[in-house]
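S.K.: Listed here are the chains, written in short residue letters.
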Amino acid sequence: MDYLYDGTYTGFMTSLYLHFKYRESTGIYSKKFYQESLTSNYKIVKTNEDLSQKMEGLIRDKISSRALKLIYYSFLSNEEKKEMFIIKFVKLGLIKGNITGLYSHEDTFPLQKIYDKVSKEKHRFLGIIRFKDINGVLFSKYSPDHDITELIMPHFSDRYKNENLIIFDEKRLKAGIYNKNEWYLSKIDKRIYDKFKDEEEIYEKMWREYFNSISIDDRKNLKAQFQFVPYRYRKNITEFNK
Amino acid sequence: MDNLITKLKILAEGAKYDVSCSSSGVERKNKGKIGSSRSFGICHTWSSDGRCISLLKVLMSNNCIYDCTYCINRVSNDIKRASFSPEEIAKLTFEFYRRNYIEGLFLSSAVEKNPDYTSENICKALEILRFKYGFSGYIHVKGIPNTSKDLMNKLGFLADRLSINIELPSEKSLKLLAPQKKTKTLLLPMRDLNNKIMENRDERSRYKKAKKFLPAGQTTQMIVGASQDSDYQLLKTSQILYDKFSLKRVFYSAYIPVVENSLLPAVNTKPPLKREHRLYQADWLLRFYNFRADELLSEEIRNFDLEFDPKINWAFNNIGQFPKEINKVSYDELLRIPGIGPKSAGRIVKERKFFPLNYDNLKRIGVVLKRAKYFITCSGKYYGGIDISPELIKYKLGEMENSRQISFF
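Protein sequences appear in the order of chains A and B.
Going by the working numbering, 27 is the number at position 27 of the first sequence; the sequence numbering is gapless.
Going by the working numbering, 115 is the number at position 115 of the second sequence; the sequence numbering is gapless.
These aren't lab readings, by the way, just hints derived from the structure by calculation.
Among the hints, a few may not be true.
Said to hold, decoys possible - Just a few of them, taken from the derived set where beta-carbon distance is under 8 Å, the chain B residues facing chain A:
hint	residue
1	ARG28
2	LYS31
3	GLY50
4	LYS350
To be verified - Pairs of lysine to any residue, SDA-like flavour, derived with a Cα cap of 20 Å:
hint	chain 1	residue 1	chain 2	residue 2
5	B	LYS91	A	ILE134
6	A	LYS161	B	ARG98
7	A	LYS223	B	GLU276
8	A	LYS113	A	ASP147
9	B	LYS196	B	LEU176
10	B	LYS16	B	ILE79
11	B	LYS154	B	LEU187
12	B	LYS91	A	ASP147
13	A	LYS120	B	GLU27
14	B	LYS324	B	SER298
15	B	LYS353	A	ASP147
Every residue gets a Cβ at the ideal spot worked out from N, C-alpha and C, and that includes glycine.
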């Protein structure tokens, strides 16, 4: 039987708990993306905070807290089969113990790879997020491959602790919002964000001038530049526009 | 504002040949009003020359009293001149930082009037930034040779990192190309600063609240290809700087001829980028692979091979040590294998505790097998397919390189 969860991390952890402690499923899927067929046999799992926490505790105790991080990051990825890879990983861990050091094993490698991808993108966006000062609010929009907003918010809310800021994921229509006190995630209506005027600021102009002046023509290397800043990210990066 | 833009262009132009741009080495939460620092460093963008931009790299002024032959800012060069005020620098850094364009400031300057005047101005800019704007982000400051010790120390408490550029690795080249600079005036302050850093570290271990002095340490830069100095000389100098002054990094900058002078390469000479690349590779070997300069070059072989990298060349010269068994040799020995770096060596050591690794495992771990396969065995099996001889391996690697280039067209 397939387990279907509500798309949240807590929901997924609940299903994982049922899978290992109650009855093994044939697969865990997000309700949103589940493709039902004539032969499909599924159960909708009710998200349960207690069971979810029990599962996290189990992973922490039997495997490691690092494993929990690996799973959490992978859960935020856009990888289609992430649930299956997580199940395999946890299954092996519950038998073998701390398998965090296993990198190339067939049951750990997919997850390690996904984790690498998500952390790479997270790290990248710590650098290439661009804010615009709109009436005193720092506003940024971006479209990351993976759902990393909650991973980058702690960094920005500390760095700009005396500012109000919004980081808007235009792909998922959600935003990380910080109000000089705490940060939280919120769904954002596209119309609200369109209201923010896209006026060019003087500092954007200065930054572009700086960006062009700092390059050394005799060393031109557009291929390297492309590898570091792929085209798909460029539309929201100030210096690559205009 | 237009005036400010013009200044910014001139003073960024003047600073761009300084290659250091790293923002790593300090982990600090926001202790002021704005800014933090991450130990791993953050790159914010990449310019069209492929180099990372992390810090706002500008000069306070390009009005120089010195006349170093290789430098575009030298007094006898006919270029536009400009100077920032300390407030302008601070404000610009703050506003760029707020928009997440940069990780911090890298402030340098030509020697305006005299060294102390210049350093005082730099100091003022940093004080405004740190105290008025409450900036807690990364600051890299350039040490101006011949600045008084007190001023240097003051800068050390404001900045995270300080660098004094050696530029040329021998007294002879300095005399020829930068007659106003002396090795002694460059090295002595580096030594003093290092002593101060050590003292401060000691102090901080006893009093937690003691102010930090240059927590990200010192770096320096050497120009490659402006003088006759060999790679061996450059690398030996780096080795000494790492050993004696605990430098965090030595940067190498391929000389780009910016001036016609009989002492220098002609203006249309291409910068020696490949040579610079080899020096960086060798520098990595010193810092992360426990190699010594003398293992890589010698009085007989004074320059790096441009065709093969320094590590594989070392392996060719020590072929008797290979092949090494992946499942047995120590971490340090793994690091000596071409195609294996600290990351894959670390993974191998962790993972082989569970089970012996095979060839496929190595592929997934990220070992560069096209080089490594000639130098290893996995559980006794050799995958190179040819005898272990430098000539054969060189031939194979060359063949691969050729077919790669052909398939590209």
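S.K.: Indicate, hint by hint, whether the structure satisfies it.
M.R.: Results of checking the hints against the structure:
1. ARG28: This interface hint is violated because 10 Å lies over the 8 Å limit.
2. LYS31: Hint on LYS31(B): violated, closest Cβ of chain A at ~10 Å, above 8 Å.
3. GLY50: 3 Å, holds
4. LYS350: 4 Å, holds
5. LYS91(B) / ILE134(A): The given pair, whose Cα atoms are some 18 Å apart, holds under the 20 Å limit.
6. LYS161(A) / ARG98(B): 11 Å, holds
7. LYS223(A) / GLU276(B): 18 Å, holds
8. LYS113(A) / ASP147(A): 16 Å, holds
9. LYS196(B) / LEU176(B): Measuring from Cα to Cα gives roughly 32 Å; hence the hint is violated.
10. LYS16(B) / ILE79(B): Measuring from Cα to Cα gives roughly 15 Å; hence the hint holds.
11. LYS154(B) / LEU187(B): 19 Å, holds
12. LYS91(B) / ASP147(A): It is violated: about 34 Å lies between the C-alpha atoms, which goes past 20 Å.
13. LYS120(A) / GLU27(B): Holds. LYS120(A) to GLU27(B) sits at ~19 Å (cutoff 20 Å).
14. LYS324(B) / SER298(B): Judged against 20 Å, a Cα distance of about 25 Å means the pair is violated.
15. LYS353(B) / ASP147(A): Since the Cα atoms of LYS353(B) and ASP147(A) sit roughly 34 Å apart, the hinted pair is violated (cutoff 20 Å).
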